[in-house]
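Sequences and hints are given; from them, build the entire structure.
Keeping their order, the protein sequence lines are chains A and B.
Be aware that the first sequence starts at -10, since it is given in this note's numbering, and climbs by one per residue.
Be aware that the second sequence starts at 1466, since it is given in this note's numbering, and climbs by one per residue.
Source of the hints: derived by calculation from the structure; they are not laboratory data.
This one's a predicted model, so the numbers in the text were calculated from it and none came from an experiment.
Far from chain A, by Cβ distances over 10 angstroms, these chain B residues were calculated:
(1) Ala1470
(2) Asp1472
(3) Leu1473
(4) Asp1474
(5) Asp1489
Which stretches of chain B does chain A cover? Using the computed rule of at least three CB atoms under 8 angstroms from a CB of chain A, they are:
(6) 1490 to 1504
(7) 1508 to 1517
Glycine is no exception: its CB is placed at the ideal position from the N, C-alpha and C atoms.
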Amino acid sequence: MAELFWASMTELARLIATKAVSPVEVVRAHLDRIATLDPGLEAYITVCPERALDLARAAEGALMVGQPIGPLHGVPYALKDLYDTAGIRTTGGSRIFAERVPQADATVARRLGHAGAILLGKLNMVEFAYGPEGLNSHYGHSRNPWDRAAHRMAGGSSSGSGVAVAAGLAPGALGSDTGGSIRIPASLCGITGLKPTYGRVSRSGVLPLAWSMDHVGPMTRSAADCALMLGAIAGYDAADPSTSVLPVPDYAAALSGTVKGLRIGLLRAFFLEGATPEVRSAVEAAAATLAGGGAVVDEVDLAAVMTHAAAASMPIVACEALAYHAELLRTRAAEYDPDIARRLRVGAFVSGMHYVRAQQVRALVREAVDAALARHDVLLAPSTPIVAPAVDAREVTLGDGPSDVRSALIRFTRPFNLSGHPACSLPCGFTPAGLPVGLQLVGRPFDEATVLRVADAFQHLTDFHARRPVLG
Amino acid sequence: MTTPAIDLDSLRRGARLAGFDWSDAELEEIRPQVENALRLLRALEAIPLREDAEPTTLYRTV
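Laid out in structure tokens, this is it:
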């Protein structure tokens, strides 16, 4: 049997369901790899070996007696450590919550359990999800697995999710995305990550950063696995009033393997023009690949509204984050990472008027993206303007000038947190130094199926998603 | 767009109005971030909006 830790979730589900492998073998292969590699990668905050093996043995027993099984029966996964897990600490990447043990699972954790998935552990992240670099002074800076010589950023805030999936420490994970926190680590770590439409997946039991911008979604090594995980977690939840009652389609069935006839809008102004040359050329090549596969690709210009995204998102995130943290900042400020505490405090200087004005501008962004998607099935852009920077990098040079790293990382992802549209990052190339480049696909509201269809078709046309970092 | 300067006394009063009693050292630490936030707020004010533009709060949920 090939190395089980590199098998996809789809393949593992099939192998387990047909009794070709035991869930115990699969879980043990991942736990062994975590034990070997995680001390150097710092992807996990908490690993749950005994619990995972107990569940694997129960899953094996269920198969042996012919019980009905779910679509992820016996398949391991991991959670960003802001999803509540009953009886397992949920730290939010913070020392403040180091001993916080929830009584109940987040809705999505419960749904994955019902589908048969087995939790391996809880993943590292930026403290309280407030930052895109993937750094954590309490639990360690997760290390990007694509560079063994230099310590490069994994991207955040779902840094551990990106590293664990890229390094074979979990076949899939859940991240969360407020300004790009699924798509940025997916881009920097060379995996596939989906931010679904706002309202498609429940946020109940997920520690918030900014309620109106937070999205929950899968991070895997292929679009097909994203479809599998999304199908298990999507849908209305009475515990989250923002969730939609729209039925959940069969995402896996939508993966036709072709883009023939689809209309794809390439975002050049603000996006391609703002990327570094190596990112720009990889994304342009990806557009050409999709055109070669039968898609109709033309250019779309959304620069006029995209330039408003930073001004609109700052007041929203600052105010909503401070609202959640106000009492902790009054009583336990010294326990925050100083940089996180400084950023949270800025929210005190944003007025209600500015918050509402930002929400008005947000409507403009949404309308502009909707208008572009009235003429196109998906929009295409880089996920990030840069590849993984060194962990101590502070400034970068983009296609249109210098930028601080933090602003650069969220520049292309944040607009779609404002607009709420589904957006997926997937690998579309590698630099000469071997670092992955991320491509972003943006779709119509609640049309994750088409986004995943295009991503999957691209992964049939290329092998970037199948490359693995050399580790250990 | 130039970065608006803000002095310590203004920071102190702003924080107290918001209900926080932060030390002068803590306020000095966040001065660059607050000045950057003020720059973004000026940019936000300059964005042309329709008079009837309705703010997005919980939206598009079907």
